[in-house]
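Could you put together the complete structure from these sequences and hints?
2 protein chains.
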Amino acid sequence: MQNVSALLTERRGEYLEQLFTLLRQPSISTQNVGMEACAEWIVRFMQSCGLDARLMPSDGYPMIYGERIRDPDAFTVLIYGHYDVQPPDPLDAWVSPPFEPTVRDGRIYARGAGDNKGQLMAQLLAIKTYLDAFGELPVNVKVLLEGEEETGSPHLDGFVSRHRDLLRTDLVYTSDGPMHDSGAPIVLLGVRGMLYVELTARGAAWDNHSGNKGNIVPNPAWTLVHLLGTMKGADGHILIEGFYDDVRRPTEAEVELLKALPYDRDRVARQIGYPTLDLDGPTYYRKLSLEPTLNICGFHSGYGGEGSKTIIPATATVKMDMRLVADQDPDDIYRKFCDHVRRHAPDVEVRHLGAMRPSRTPADLDVVRVVTEAVRTAYGMEPVLQPSLGGSLPDAVWTKTLGVPSIIVPYANFDEANHSPNENIGIDNFLGGIRCTCHVLHALGRFAGTVG
Amino acid sequence: MQNVSALLTERRGEYLEQLFTLLRQPSISTQNVGMEACAEWIVRFMQSCGLDARLMPSDGYPMIYGERIRDPDAFTVLIYGHYDVQPPDPLDAWVSPPFEPTVRDGRIYARGAGDNKGQLMAQLLAIKTYLDAFGELPVNVKVLLEGEEETGSPHLDGFVSRHRDLLRTDLVYTSDGPMHDSGAPIVLLGVRGMLYVELTARGAAWDNHSGNKGNIVPNPAWTLVHLLGTMKGADGHILIEGFYDDVRRPTEAEVELLKALPYDRDRVARQIGYPTLDLDGPTYYRKLSLEPTLNICGFHSGYGGEGSKTIIPATATVKMDMRLVADQDPDDIYRKFCDHVRRHAPDVEVRHLGAMRPSRTPADLDVVRVVTEAVRTAYGMEPVLQPSLGGSLPDAVWTKTLGVPSIIVPYANFDEANHSPNENIGIDNFLGGIRCTCHVLHALGRFAGTVG
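Just so you know, the sequences run in chain order G and B. Taken in order, the first sequence gives residues 323 to 774; the numbers are from this note's numbering. Taken in order, the second sequence gives residues 323 to 774; the numbers are from this note's numbering.
Every clue listed holds true.
Since the list gives no way to pick out one identical chain from another, each pair is judged satisfied if it fits inside one copy or across any two copies.
Straight-line C-alpha distance at most 20 angstroms; calculated SDA-like pairs for lysine to any residue: (1) Lys631 to Thr352; (2) Lys631 to Tyr656; (3) Lys631 to Ala677; (4) Lys722 to Pro684; (5) Lys609 to Asn534; (6) Lys631 to Glu671; (7) Lys609 to Arg587; (8) Lys609 to His531; (9) Lys609 to Asp529; (10) Lys631 to Glu520; (11) Lys581 to Asn534; (12) Lys658 to Asp669; (13) Lys631 to His741; (14) Lys658 to Ala677; (15) Lys658 to Glu671; (16) Lys631 to Leu675; (17) Lys450 to Phe342; (18) Lys658 to Val569; (19) Lys631 to Arg673.
Keep in mind that the hints were calculated from the coordinates and are not lab data.
Written out as structure tokens, the structure is:
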């Protein structure tokens, strides 16, 4: 791997300039700005990196696909990323223009610097660097870059389903998001899924006077209060029948990982604005990432202004999200949720506002051990190995639709300000990402019998 | 009483002109417009009616007090009314200017026409008419007119407490509000009281991401849902300890009255916008006026806009009113409510936003029978005799603070549009009110031994 290091030192300026070129090209999916031009530039760039690359139509913006196959039967890794970025608003808040990459204090400031152009370029440049250092890649490599991650990846799963053969792989490897705030790398093995619903209860056709009609007109706020009371106990236990049926018991390996995760209670308490937080580290991470939730995001009914208004509200609405863990299925949970509502409050309407499947790649797989070792070597630091994220990403496309392990290793700095003004990536994070991908590819070579 | 009728016919134009003069004088308590001038005009007018009248200071706008005592030991009736009016906004919606009384189709249009200037003038002109017809009043008469009814009568109870001797009486008689929509007069014997509270639950100091922090940060919306669930069962029964302790059992006379009240289920269902209303008349009136409520006026927490937002809200607020019935005491109920919150959710804050005591004058009193007969005679129609209103008025000032029976007989037409643009009173309603007061005074004479 000394060759890799030498090449990275030698080509530092060249690689940065190539990233700057990509960052100058806007590709705002929600606003349909610059998408085609950006995708075409990347295809050409991938070809220059030694990949057989092309645009592929999807039901939305085109997918970019590239591959380099040394032996169809050898170990294959699929690298996933996205070329679209968030809108740059508010423009006033940027110190330098969002599509004019600018270096300040060792960081590259531009929309997409961290999310995800800096990270996908690290992966593509790693392929080029590895090829130039070793003459060939140690495994088959496929790359899939989509243009709709920032709008919720609406067509990714369908595309992957239709192209199972093309995308056949042994592992999916993603670099997105920030590293740990201690500066340590993260190896992330899954995410919680999500189900978002809205409940609406109706009483009379309009608000009524609470004195003149009190006790006569049903109150939809009470209807939802009583319905919600049947869904979750005051102890936090979720009472929807069958809700926990498919919750996967954490493995011993996962339980061990939770114990090793860095945790500073006071720091977490400050971050969430809840000083009396009273959880130890393993409990915190277990509840956060391996247990499902039933959360009220909003409850709105009747008068909410200053002082008093004496009404019986005509309607009440509750928005809820459920964070789901492997192997809960959002469609199944939605059916159980609707059944519960039908049994307890049949007149309450349920709307489905979104869903995402949970994912979890077992921590005790060989491939996880190998990737983790490679990351440790690349950074010279112990990685934070996390069985699951509390939040939700479309990671189940890989673990469920393709049915393969998926590992996420973020390359951006913790304060990359993704989705915000002055988004940035540290130059060291960008170069470190190239190095890390090289180490991961190299280590995976042992599954293809090419290295190790 | 033929003399009274003759005088009313003779003085029709004169009496209307006197009402118009009062209606031209704005007296908007919330805006402090014209209050003093209005009060002074009324004092002079009361003197011209044969009353010993004066302004008396209160902690707010002055009270107007007048009396005509024929014998300190004789039966006394205290007539209550108010000289303040609602603001006239929105001005655009008035057909004729609010302070320029205008007759159209037999109605007088002006702010205060029905609420309460037309009705208090009917009472004052009845005193004048009776005096001119009979030479003396049959009972002692006291008149108390306040200038703060439209702002919730904040100083009435204190004033009455401080002037118990001056205001000593055997009956309080009020004309305010509308007659029955069938055109029949109403004899109203009480009101429900009210207690208004606001509950606030707090979780973290700010909204947190429901994925990144879900299961870690407590959700105040859930706190209130679970707390509310301990306060009222899904069957509507209120579970706050001791809540029903002081609820007065309806007397047989009251139960009989409920059966006689006019009730058209379909019509009520249309009025409240609830087509599936399924109550018979006596049940409707019992629940509406003789049973207490625990009502959610508003529940607000977290996101209420379109679509989904994935947060754990930082706060949740519920506004509730309780309609109380005799002999529940709002202070006592507030203590019980706070005790309940302390037991079940000690961190939830309770704010007291207002209270009014319930009142009920027993239906089987002689004085109720006599007034009802007088009203029947005056209108030539069977009065609607109602043990209690569903709504709340400061009627307990009389039944509790003074400890005397109180009877409310509204004179305005059902569609008086009080508090709305184009407020009005029918000329017949105004003149009918004068006649009715004369009949009531005359009938009460039997308690003073002067008539009957």
